[in-house]
Structure formats: structure tokens, C-alpha cells
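Enquirer: In case you want the letters, here they are:
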Amino acid sequence: MEHHASYIAKWLTEIFGLARYQWTGFGILERNGQLVHESFSILERYDHLLNASLAALAAMIIATWIRSRMNKIPSPIQQIFEMVISGLDDMVKASIAHHAERYLPFIGTIALFVFFNNLFGITPGLSPGTSNWNVTLGAALVVFCYYNFHGMKAKGFWSYWGHFAGPVVFLIPLMFPLEILGLLSRNLSHSLRLFGNIAGEHLVAGIFFSILPLFLPIPMLFLGLFFGLIQTFVFTVLSIIYLSGAVAHDH
Amino acid sequence: MKKFFTTAFIFGISLSLFGMQEATPAVTKSIFEGQFLAHLSLAIAAVGCGLAQGKAVAAACEGIARNPQAAGEIRTTMIIGLALIEALVIYALVAAFAIK
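Protein sequence lines, in the order shown, are assigned to chains D and A. Letter by letter, the first sequence follows residues 1 to 251 of my numbering. Letter by letter, the second sequence follows residues 1001 to 1100 of my numbering.
The following block holds chain D by itself, in its conformation from the complex:
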């Protein structure tokens, strides 16, 4: 597939004077019946990582800035963040029965990271980090490790993994592989959903832009803002559901 680096990667390459290489198996195109091997600098090659780090940095800087300027009379931006955090708090408390406040920081972090990444899709010069599968798979794997760890912490090692074995002893060889497969394929659906939505939306916006760059992409960009929010919400809600499934006690 053709690789379009974001403008910020190109600018940084020009500013720092980075060397451009031909990466093996990457950027090979067919133009007019001839194979062309394009060359990219390291920033252009790993564009998604650059944008994901920028998103993480932006989330950290904005959150710290709000945190340092907290007031009894809230500024508009503080009100927005309070609304977001109370919404997340309600969501976590609605599905996790015990010690829900323990998991709020992680859920909030992952939601902010994904949201800023999605927002980069409508920012000029940047490309969304989540339109590459590596970034979303990373986020999904972090969530995976987190809920497995907390499931084991809340229930104990044998009790947690024993849950996957089913209720009856002679069903274990049948149930255990299936449940483990289900657990692992959760990652796939969790990450591919975010990646496919954002990448597809970005692609359609790009096609609209190539048809008529002036006014045509505007509705698509608006839709991109909306989709970014919805996909962040879905990613967060699914993380919470997996987490609540892992840490739920039987009474």
C-alpha cells in the first residue's frame, strides 16, 4: 500500500536533515508499469509512532496544565474535563461492583490517549496514530495485560484461570482451549475495530480532499470528530466490560 507520511514527519526530517533509506519490503509502488522503491527517513517510516507519542505528550501536557490551574470557580476547560471524568466515573461504577475507583486512572488514561490520537485525524499536518494497526494493538495489549493482572490480583491465580475451565471436570479439555482462544481473539477485535474505523474515515476524507480540496472535506472532517468520539467511547466501554468480567466476584 502507498505510504503517506504526515507533514510533521516531513518537516522534522527536513529540519534535522535525517537521511532517507529504502526500507526492505516497504514503499514499493507500481507507477506506469514500473516498480518504484520510495525512500523514507526513520520519522516518515515510523510516522504512527511519532504521532502516537505526540498524542500522549499532548494528553499529558493538557492534563497537567489543567491539574495545576484547578480552581473553585472552574474555567470552561476545567468544566469540560470535570464532565469527562465524572462521566468515566459513572461508567466504571456502573459495571464494576467493588473498588471501581481503583481502575478509574487507567481507564481515563487510555480514553484520553485514544481520543487525542483520533483528534489528530482532523488536525492539519498530523495523521492519527490509531490509523495504524500497531498503535491500536499496543493499546489493546496494554488493556489485556491490565485486566488479566487485576483479575489474578482480585481472585488469585488458580481461581482466575480456573474460571476458563468451565464448571465440569470432564469438559476441561474442550472448554479451556476455546476460552483461551476467545480471550486472545478479544484483542484482535478490540484493536481492529478502532483501527478500521479511524483508517477508513481518514481514507475517505483523503479521497474527498483529492476530488475537491476546498469545501468538500468539511462534512467528512465533522464526521471524523464525531466518529473519533464514538470510537473512543466504544474502546473505553469495551475495556471496562473486559475489566469487570475479569475482576467480578461470585457471591
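It is possible that some hints are incorrect.
What the hints assert, rightly or not - One-sided excerpt, in silico: chain A residues whose CB lies under 7 Å from chain D:
| id | residue |
| --- | --- |
| 1 | I1080 |
| 2 | G1081 |
| 3 | A1087 |
| 4 | I1090 |
FYI, nobody ran anything at the bench for these hints, they're computed from the structure. We put the CB at the ideal spot given by N, CA and C, even for glycine.
Got chain D; can you put chain A on it based on the hints?
Expert: For chain A alone, kept in the frame of chain D given last:
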């Protein structure tokens, strides 16, 4: 309805085959490999997803109309369900990205 869908499907396939033949006469590659198949798979997935999502949203609207106080909870559940339905089309989209 079934007949209509079948006819439309066959008509669409024959039309695209005809169009492909006219556009590129000297291609030795079969039509059922490469991007055409990816696009067709995406179209089929989108049909099913559209029907399913319409059904889900209709049921949610009905639920909200009957009990407006449960609107928030129904909306959240509906969005999760829509995302799960949509994921199947997204798999087709990813496959369409992957196939060249």
C-alpha cells in the same frame, strides 16, 4: 424480496464483469482475484451490517418511545451493540486493505 436481491446481485456481478472486460481487454488475471473481490466482499458485508444496524436502532427507538426514562441506558447499550455489529464490516474493510 429474496428474488429481488438475487436478481440485483447477479445483475451487479454481470455488469461489473462486462465493465471490466470492456475496460481492460488484454488482462490475463481472473476477475475473482485482486481488488474486485475485496470490494465485493466489503459491499456484501455492508448490506448485512446495514440491515442489522437498522434493526438494532429501530428496537432502541421503540424502547425509548415506550420508556423515555431509560433513554440513557438504552443509548449506551445500543452504541455498544452497533460497534459490535460494525466490527464485522471493519474486518471486511481490513481484508480489503490487505488484498491488493
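Enquirer: Of the hints stated earlier, which fail here?
Expert: Violated: hint 2 alone.
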